[in-house]
Amino acid sequence: MPAPSMIQQITDIRRDFEAECAKIHDNRSLEQLRIRYAGRKGKVAELFKSLGTLNEDDRKNAGRLLNELKQQITESLAAKEKAFSVSVESESILDMTLPGEPRYAGRLHPLNRVLREIKSCFHHLGFSIAQGPEVETEYYNFEALNIPHGHPARDMQDTFFIEDDIVLRTHTSPVQIHVMENQPPPVQIIAPGRTFRRDTPDASHSPVFHQVEGLCVDEGISFSDLKSVILSFAHYMFGSDVKIRFRPSFFPFTEPSAEYDFSCVMCKGRGCRVCKGTGWVEISGAGMVNPAVFRYVGYDTEKYTGYAFGMGVERLAMLLYEIPDIRLFFENDVRFLHQFG
Amino acid sequence: MKISLNWLRSYMDFNLSADEIARKLTMVGLEVEEVHSKPSAFDQVVIGKVLSVNKHPNADKLSVCDVDTGSETLSVVCGAPNVKAGLFVPVAKIGGRAADMDIREVTIRGVQSYGMICSERELGLSDNHQGILIIDNPSGKPGQLYLPEFQVPDTVLEINITPNRPDCLSHLGIARELGAILKIPVNRPDDTLQESGGSADQKIAIEIISQDGCPRYSARYIHDVKIGPSPAWLRSRLASVGIRSINNIVDVTNYVLMETGHPLHAFDYDQIAGHGIIVRKARKGERFTTLDENEHVLNEHDLLICDGERPVALAGIMGGLNSEVTGETHHILLESAYFDPMTVRRTAKRLGLNTEASQRFERGADPNGTIYAINRASKMMSEICGGTVYSGIADRVPSDIKPVSITLRSDRISVVLGTNVPHEEVLTILKHLDLNIARPDDPIEVIVPTFRPDLINEIDLIEEVVRHYGFDHIPVNPVMKTAYQKTEDIGSKNTETIRDIMTGMGFIEVLNNTLVSQKHTSLVPDVKPVSLQNPLSPETQFLRTNILANLLDNVQYNINRGERNLMLFEIGNVFHQSGDRLPHESPVLGLCITGHTHPTPFWQASGTTESNLFHFKGFLQNLGKRLHLPDLSFASGISGLLGDGIAVFSGQKRIGLMGEVPQSVLEHWDIQFPVFACEFELLSLLDKIPSTIRFAQIPRFPSVKRDLAVLVEKGIHAKDMIDLIQKTGGNLISKIDIFDVYEGKSLKENQKSVAFALTFMSMDRTLREEDIHPVFNKIVQALSDKFHAALRS
Chain A
1 MPAPSMIQQI TDIRRDFEAE CAKIHDNRSL EQLRIRYAGR KGKVAELFKS
51 LGTLNEDDRK NAGRLLNELK QQITESLAAK EKAFSVSVES ESILDMTLPG
101 EPRYAGRLHP LNRVLREIKS CFHHLGFSIA QGPEVETEYY NFEALNIPHG
151 HPARDMQDTF FIEDDIVLRT HTSPVQIHVM ENQPPPVQII APGRTFRRDT
201 PDASHSPVFH QVEGLCVDEG ISFSDLKSVI LSFAHYMFGS DVKIRFRPSF
251 FPFTEPSAEY DFSCVMCKGR GCRVCKGTGW VEISGAGMVN PAVFRYVGYD
301 TEKYTGYAFG MGVERLAMLL YEIPDIRLFF ENDVRFLHQF G
Chain B
1 MKISLNWLRS YMDFNLSADE IARKLTMVGL EVEEVHSKPS AFDQVVIGKV
51 LSVNKHPNAD KLSVCDVDTG SETLSVVCGA PNVKAGLFVP VAKIGGRAAD
101 MDIREVTIRG VQSYGMICSE RELGLSDNHQ GILIIDNPSG KPGQLYLPEF
151 QVPDTVLEIN ITPNRPDCLS HLGIARELGA ILKIPVNRPD DTLQESGGSA
201 DQKIAIEIIS QDGCPRYSAR YIHDVKIGPS PAWLRSRLAS VGIRSINNIV
251 DVTNYVLMET GHPLHAFDYD QIAGHGIIVR KARKGERFTT LDENEHVLNE
301 HDLLICDGER PVALAGIMGG LNSEVTGETH HILLESAYFD PMTVRRTAKR
351 LGLNTEASQR FERGADPNGT IYAINRASKM MSEICGGTVY SGIADRVPSD
401 IKPVSITLRS DRISVVLGTN VPHEEVLTIL KHLDLNIARP DDPIEVIVPT
451 FRPDLINEID LIEEVVRHYG FDHIPVNPVM KTAYQKTEDI GSKNTETIRD
501 IMTGMGFIEV LNNTLVSQKH TSLVPDVKPV SLQNPLSPET QFLRTNILAN
551 LLDNVQYNIN RGERNLMLFE IGNVFHQSGD RLPHESPVLG LCITGHTHPT
601 PFWQASGTTE SNLFHFKGFL QNLGKRLHLP DLSFASGISG LLGDGIAVFS
651 GQKRIGLMGE VPQSVLEHWD IQFPVFACEF ELLSLLDKIP STIRFAQIPR
701 FPSVKRDLAV LVEKGIHAKD MIDLIQKTGG NLISKIDIFD VYEGKSLKEN
751 QKSVAFALTF MSMDRTLREE DIHPVFNKIV QALSDKFHAA LRS
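As they're listed, the protein sequences go chains A and B. Residue numbering for the first sequence follows this note's numbering, beginning at 1 and increasing consecutively. Residue numbering for the second sequence follows this note's numbering, beginning at 1 and increasing consecutively.
Chain B with its partners taken away, still in its complex shape (with noise of 0.2 angstroms):
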């Protein structure tokens, strides 16, 4: 909302400076965003007389005039069809300002121009760019400056107003708030106005069909106005607070709009059919067009003001193309009117308009506002425009409108802010916001008066008083009461030690969007992706299945960058359809890397060697152990997100899917290198970490070591031998290694060799050579019967 320092000026006398305005505004809850001061719209333009206007020898439609400006005689260049010699004409001069330009002097076709003879929208003062503003009757001689009283410098503040407060959506509300403030009277411009000739009521018939959405309706009759272009004062006063001026009739609507906030509309009233006003709820498929020349299908909700034929506005929100007033326009029906907000709501955002009364109808306009409003805006019309104000209001209120009471009691203001207001300070507060005081002792008794639809309750009137109490009053509590802390959430305790255990063994942690394409969504061909109804754009339509195509954008990204080697991880959430009314959802740890398992050492003279899936597994079992995971395990051939993926399981339960992603993926991201990647879900993960650890017996006997080397078939797993040995040795075996396997020529082509280092140890004893013989021979045997492993040489 703009609100003009110079028009809060013409209700109240304030002398202090626009930043300090700003602040005390904005310490009230009235955000000023930005200030904007406004010179003058124009700089250095001067009254000059036109002299003479000859051809220009290049161009058809433009003239060269010689320009009297007092001091010198200035060749101006012109295009506008309306310039004579003779004529007073306002002449921006070198080094000056209009339209938003500086004046320099300027070639035009080849011939010189010094200076610019102004239009009304060159100087901002209407859209009116037809031609030269011609000056009627010069208040002084050529070359004094061109200042008409209205073009005093102003500040115009751009106010951010909260939802609940549609009584500042105008510069009485704001010079209302800040009365209170400066504690300084605020004088309403009086609209006691002339009337005569016949009655509104004889005119106006006025039916409301739709009660629910015209709680009142309220309208006058105007008599034989003259349409025509404002006086620039008010053309003025709209420019300054952003409105172009139309006409005078309806300028004086867009005035009295930004003085009281309250809407109003002013009909042709010879194109009201039956000269009666009916207002009513559309027909589904119903079609209107409004003023701004657009076709809207209509459905049942949506509020319509018609005459005794067909509809003339869309209530509330714009009037209609066949009603509006024209040039041709004689006599005016003036609506003001209260609609519902609800009703206004849902038909503006369905159509998409947001127009300066929708903005307030749907906030909560005042129903008895209406009365001031079009009494004001009459005044003004027959003013201005010359009309004859029909006597007497025809209005229409199907129900009585009445006044909240709410009764204030002050110790729940201090129990509310921690401190006491002193009565007679919340009793000012409140009266200089126009609040009725119906008791004004403990507990107050506050009328509350309609414009201000958002004080319902007690704790309503309590931030009334604090806002302009101010916070500042209220004391910082020293003692600061705490709860008793309840244990923290073992969840996100162990999810902060995964990101350290990741960031430790140097992953660096990423965070991606979680809306993404169908690209990222069809990794998991499984499950279906939740879609949005409005996306930004059909990137970012769905909700991520999966984490690791946000890591594969993260690659591509670095690598086209000139980052090759990249270790990442994401703790996120992810979505699927459930088949309930909530998707499913829920946090996955991802992580990838590409690259050189190592940056390469100065005394390396080659990189060091590239990633694989056992250098890959091993940051897996890394973060196993660390969490204290004993029997993590992979089993391959698990089909999905990583084409012929491995999966992760603690114990029985699959916690996870790691692999190499496939090259058919890779190729969608024009990723040229390996990338190994893993998702583990984060609930399976942090389900098997163990709530306690204790403390286990450190060996205190030595251990002994042996090796063991087998030949078996290609296709039998180490972790089954693994498994066997230690079932065979059971309690002396502490540790199984795996150091070598080999595959080759001195072999046959089905056969490997897998040589274990096992480790024997007992807690009670030191072993001897007879205790391990015996066990050993045991697991050589089993080897053999179970895998037909032989015993190399």
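Pulled out of the complex, with its shape left as it was, chain A reads as follows (with noise of 0.2 angstroms):
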């Protein structure tokens, strides 16, 4: 190719790249211009490529103008692309206030999300998880927990029956024997699940609801083991500065037994409507394994000591939320469930 010709060229694609430019109005047509002309297969490149079948002479004289041309034509790009973006500012042509294109977005139940925040600060404590069913024997859910038939302890829990010895669990503890009688000790295992009592619903009950049991067994496990792992649960869930309280209450499955309360979320301990002035939560119950228990599964009593805790699932959750009624939980009515996940 003679090097006139390949002036001429560089000469045209200016006086085009010009034209073209002085017309483009928009974003959209400019990267089609700039892909056009500058881009890896552009016209300018495609110059470059046909240089080697110049002579030396031409092929510098050529390179020069090939690349003011090329330089040119950034400049004026970049310039244009410049006014553009000014003007979108200036003139308000695009409404960024107009919604996005909408989605359905996706939730996971609160229950689930608390259950989730549950899980993981056991988890990193050093806990298993361990799962039972939810339709249970009398000897699981009552009588290998130290609830003997007949004992008033039994009025505790309002329960449903599927069989006079067949019932729906009124707590996760039932899974604490089904591990123990499958595995020596250590144990340290959290039992999440749904569980069940007869009671009429109202604000704050549902005959369905969820718990997390938790059981720990070893030598030389004590209360103060318990309060620290109470302790690091409450400042999981509710930040470093909640205090926890025990009071001594009764449960047949532990002695001591205990019921734990946080220094109240709402208020930091200075008392108002769900602290009832208190400044303590109720949160669940808590003790050391009753040795009877032990003695059900037939670890050693003198050998192995070991602390259970349970928790109720809706109770953590209408705390952290601030949810004032357990129903809510299961009408499943999308505008609440919109609210957290």
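Derived by calculation from the structure, the hints in this document are not laboratory data. Here the structure is a predicted model, which is why all the values come from computation and not from measurement. Virtual Cβ for every residue (Gly too), placed ideally from N, Cα, C. Take these hints with a grain of salt, some might be off.
Label pairs and their in silico Cβ distance ranges [unchecked claim]:
1. B:561 to A:274: 25 to 35 angstroms
2. B:371 to A:321: 55 to 65 angstroms
3. B:368 to A:163: 33 to 43 angstroms
4. A:220 to B:392: 50 to 60 angstroms
5. A:320 to B:717: 46 to 56 angstroms
6. A:220 to B:440: 21 to 31 angstroms
7. B:561 to A:163: 31 to 41 angstroms
Combine both chains into one complex, guided by the hints.
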């Protein structure tokens, strides 16, 4: 290819580019223009490729011209682009307050959201997850937990019966028994799951609810360890300024038994409606595993000690999100569910 | 249990606020649920003298009285028949309180009334509303406050007593605990009494036939009592803990019950045939009417107190109508017994009788507490009811009831609590709880009195120690002991992954009640649902057999509230009868969609398309992809849950069912829009998820696309053609997409056109036309041979 032809081409391209560039009014066309002229396979690049066919003098000359052209095109494009971005701001062609393309947003149920937090906390503390059936024999739900037939403690939990000796589990504590029957100490598990009590539904009672039970058994496990686990949990869920309190109580499967409270997360312990002015909110029960339970599963009661604790997932969710009525969890109104997850 | 602080103060000296007492009791396990301060049942009630009584002009039974209240004479409308001029009466003035009402100026049948003349009931003193209270010996002049000595303000604590502590179901029991907290003594009221007349043993013969049911029966005879209303202080005490006054005898038994926790029963001695007591089991079908006038049909497990002829009480639960103390009663047979907890509990539960007595016996009364209680009550009966207490107690103790001895090692306390409790502290706590120390040195030997049936083992004593030592004194172990963490259950981990995938695709997670109605269970016709013996209602009679019905509830609920575009899922257990003892229980993943495929953006004028079966199937396929289930397949024509449903397979294993919910089902839920739903058996699904993922080489050579459109009969399934293409093309075919399916006028009636986009690729070279051409032809030939497919020009 003769050199003047090359120079002519450069001139033509410059003329064409200037003409086209003048007509550009939006970013998309500008981008197409850039590809056509300054792109990897654009007109300028094509000419660079054909430089190799020229003799050395022509090549030098054409190369210089080409570089000038390239620079000019690059500058023109940049200037144009800048002009566009300024004009958007100054003239408000784009109304960015208009909504983006709407999408259906999936949500996790608030109870599972909280349950994940709980699991995550105890996972960090070295607990494994254990599960058991929702329909239990009386033996696992009561007897092996030291709640013998005819014991008034059975009245503490109103029970749904399927047969005389088959029940809907009233707590996830039976999982303790299944686990201990199947493995020697050490044991360190949490058992999350669905539980049932024959309570008429109201703002704070639901016949269906969810519990997490914790159990740790080994040599030398003491109430002091229980306190440290509960404190870690309190801090994980509600922040490190939360205090814990243990009050003596009674559960047949633990002894000593306690109810544990957190300092009120709403009022920081000053006293409010949520804590009924006491500064404390009741969370759940805990205690040292009663040796009677160890005897049921064949553990050495002198060698091993352990602690167990429970918690209600609904209760914690209600505290975390300030939900006033437990029934909301099972109504499944999407206007409710959309607030969490 | 209601505990009056005034009552407690009669046993001990303490000077703490009610809130402080409540806090301290709560911190030893006696949870104070409420603190009621009782200022006085009434306010601004003054002594008034009735000056005149005139008939109400507009009402026969009412009168209009002029009452002198010192500074003024009030005109008061009164309905009592016993109002008379000259009487002194309590008058509640305007602005005061009585009968739980604020007293205001009112017009009664056209006559203004400027106050209220009060009955005993209106002053909260008793149930008596027969007429107004007449003040016999007024302590002051008209206008002075009517404030009997027992009407001082009180505070009543509502304490939640755990079932292991029957000893705390009394004021003396709570006083013992408070004494141990404050380390102050408790003064038990004196029970020494004057005995005279004959001996109890001559008046009462006791025979215990059922010794298991009744380990002890003690009785006294009180001669010639005068039945009447109790003195005001007694009525007021009982009222403060929520017990209505009946008559002086019954009130005394109730008072001693609330004081000592030991239930007593007073019989009308003259109604006891043969003047003998027989304790025996009932006969099957035997009938008995308790004093609440209900007749019960008994069985051979129920324990009866009988006289020579017939039952007179349901042991430990309630007395009989036939022998109760009435206004005609002259002599009393007073029972103070100890009944077997299980026996009382079984009967009380079966008959639905939950009484103050049964509550205590079924938790365990004190077998050695019968004597103090009977003496205390007899003493009060002689003082209040004028009776003569005959000497001695007719007391039958078939078997000796011995206290338990427990050894308590101090190092065991440290092991359990994780801290040392000073030895002296341990001893002090035990002593203040009235436990007897047989050996104070380590290991301590403790003799447990029979009022603490809950203390049997060493651990029980450790709990007693820590209750009063305080959990606050146990340090938080700074070095938490943790066990070796076993691999987390893969199933629950993958279940969480499924939740994430579902929410990521835009589904909202719901959680529904496990307990459902027959409408729900009948959706799965071929399994037997599990039914509850004692459901709360027919709507919650069964355990759910499927989650789909729950999801339809949610769809209906939300559509009715204006949300018509729904994508919902739930993971939960379903149940059905298995033939074994325990029902079959397994988790499922249920999901459903209804409404538009996408929300409508502003630049689109009309709504987006309605969901359809293939839109829904896309979600399931996407879920399969995310879970690495390469071989998810679908086969139609499976009847069941979803009418003509579509089975979802992974390999050969059926793992779920999907489809459009039939119109006939939607009608039951009043849903007007199409709903697409699916249920996966979660365990089958989880089972198919590969446990490991291995890297596969990413292709380095370009792929080549070829389109292929064929005409086939409508009945030919796309999946079968795809399988054939894959088989024929072998390794060279890396992907097969369907980009068009057409049926229509230009084709024959039973024909459809299916267009495939085939991607050819090789892992080791760039494919050339001569590589592809023969394979493409082979595919065309194979489709033609097997499905009579004709290449569409």
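message = Taking the Cβ atom of residue 368 (chain B) and the Cβ atom of residue 163 (chain A), is their distance within the range 33 to 43 angstroms?
response = Given about 41 angstroms between the Cβ atoms, the range holds.
(Q) Against the range 55 to 65 angstroms, how does the distance between the Cβ atoms of residue 371 (chain B) and residue 321 (chain A) compare: consistent or not? (A) Once the Cβ atoms are compared, 57 angstroms apart, the range 55 to 65 angstroms for residue 321 (chain A) and residue 371 (chain B) holds.
Open item on the list: Looking only at beta-carbon atoms, does the pair residue 220 (chain A), residue 392 (chain B) fall within the given range of 50 to 60 angstroms?
Closed with: 57 angstroms, holds
Range first: 31 to 41 angstroms. Now tell me if the beta carbons of residue 561 (chain B) and residue 163 (chain A) are that far apart. Taking Cβ atoms as reference, residue 561 (chain B) and residue 163 (chain A) lie about 39 angstroms apart, which means the hint holds.
*Falls inside 25 to 35 angstroms, the C-beta gap from residue 561 (chain B) to residue 274 (chain A)?*
28 angstroms, holds
Check your understanding: Regarding residue 220 (chain A) and residue 440 (chain B), is the given constraint of 21 to 31 angstroms on their beta-carbon distance met?
Key -> 28 angstroms, holds
Given a hint of 46 to 56 angstroms, does the C-beta separation of residue 320 (chain A) and residue 717 (chain B) actually sit inside it? 51 angstroms, holds
The structure agrees with every numbered hint stated previously.
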